[in-house]
Amino acid sequence: MKILLIEDEIELQKSIKQYLEMEGNVLEIASDYSKAEQKISLYDYDCILVDITLPNGSGLDLIKEIKLKKSKAGVIIISAKNSLDDKIYGLDLGADDYLPKPFHLSELNSRIKALIRRKNFDGNLEIIVNEIKILPNERSVFVNDKNVILTSKEYDLLLYFIANKNRVVSKNALAEHLWGDNADRLDNFDFIYNHVKNLRKKLLEKKCEDYLQTIYGIGYNFKTQE
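Position 130, counted from 1, in the sequence shown is what the UniProt record's numbering calls 130; the numbers after and before it change by one each time, with no gaps.
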């Protein structure tokens with residue numbers, strides 16, 4: 001998944017980035033209010049981690065911006081400013097969770113995964129779409145109870161398609177989700193076609209229905225209903 005970390009402590013940035021990327025995520029970083037505001041206005045994320053106390057502004061004001069944009073991103077406040085008033089205010093503004101510093105990275109990772117499950121998959125530990133079953137905690141995929149071996153990018157691609165099933169997803173959105181904010185500067189998205197082709201091939205080999213539809217000139221639709 002694609003995560004935005006809004007945090008000005010450099011060492012904590014590095015630790016969170018290393019841990020969450022090892023878990024298969026794409027992580028973008030903003031070290032101050034202005035940079036965070038810019039990223040929120042330009043790009044989409046699955047989850048946004050927000051510190052309250054930032055250079056040039058407050059993370060609470062950023063949460064207001066996120067909600068004004070009607071972003072679908074989950075929001076977790078991570079802050080050493082652990083007053084009850086800040087916690088209540090942040091949650092009232094629309095944050096989904098609050099994790100006080102210091103915290104274990106494994107707990108942060110678990111909270112992110114739980115939040116994504118609640119927002120996209122009704123909180124289920126297993127994601128089932130017809131003959132496809134996904135176990136997110138294991139990053140495993142099964143079709144007709146047969147294991148499908150996917151690369152990390154193919155897995156993320158499938159999960160993104162299922163989270164957005166029956167909706168047209170642009171190539172640009174796919175590129176940003178899988179490769180980060182700078183993907184919009186690439187000359188072409190041929191690599192997206194190759195990953196989609198390989199994913200489709202592996203699913204079909206396990207007798208999966210061909211849900212992936214190419215919308216020429218735009219992107220793809222993972223269509224599971226008429």
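Careful, some of the hints might be misleading.
Claimed, not checked - Heads up, simulated SDA-like pairs for lysine to any residue below, C-alpha to C-alpha not over 25 Å straight-line: (1) 72 / 34; (2) 223 / 60; (3) 207 / 143; (4) 81 / 122; (5) 206 / 150; (6) 70 / 60; (7) 17 / 214; (8) 119 / 191; (9) 81 / 34; (10) 146 / 196; (11) 72 / 38; (12) 153 / 185; (13) 67 / 119; (14) 165 / 191; (15) 39 / 84; (16) 101 / 115; (17) 201 / 132; (18) 70 / 201; (19) 113 / 185; (20) 113 / 29; (21) 70 / 132; (22) 153 / 24; (23) 171 / 28; (24) 207 / 225; (25) 113 / 9; (26) 64 / 91.
Everything labelled a hint here was simulated from the structure, so no lab data went into it. Treat the numbers as computed from the prediction; the structure is a model and nothing was measured.
Checked hints:
1. 72 / 34: Distance ~21 Å between residue 72 and residue 34 Cα, so the pair holds.
2. 223 / 60: 38 Å, violated
3. 207 / 143: 8 Å, holds
4. 81 / 122: 31 Å, violated
5. 206 / 150: Status holds; Cα separation ~12 Å.
6. 70 / 60: Measuring from Cα to Cα gives roughly 16 Å; hence the hint holds.
7. 17 / 214: 33 Å, violated
8. 119 / 191: 28 Å, violated
9. 81 / 34: 20 Å, holds
10. 146 / 196: Holds, at roughly 20 Å.
11. 72 / 38: 17 Å, holds
12. 153 / 185: The given pair, whose Cα atoms are some 19 Å apart, holds under the 25 Å limit.
13. 67 / 119: Holds - the C-alpha atoms of residue 119 and residue 67 are around 15 Å apart, at most 25 Å.
14. 165 / 191: Within the cut-off at roughly 21 Å; holds.
15. 39 / 84: Violated, because 28 Å separates the two Cα atoms, which is more than 25 Å.
16. 101 / 115: Holds, at about 19 Å.
17. 201 / 132: 14 Å, holds
18. 70 / 201: Violated - the C-alpha atoms of residue 201 and residue 70 are around 36 Å apart, more than 25 Å.
19. 113 / 185: 29 Å, violated
20. 113 / 29: Holds: residue 113 and residue 29 sit about 19 Å apart, inside 25 Å.
21. 70 / 132: 30 Å, violated
22. 153 / 24: 9 Å, holds
23. 171 / 28: 19 Å, holds
24. 207 / 225: Answer holds: residue 207 to residue 225 is near 18 Å, not above 25 Å.
25. 113 / 9: 23 Å, holds
26. 64 / 91: 11 Å, holds
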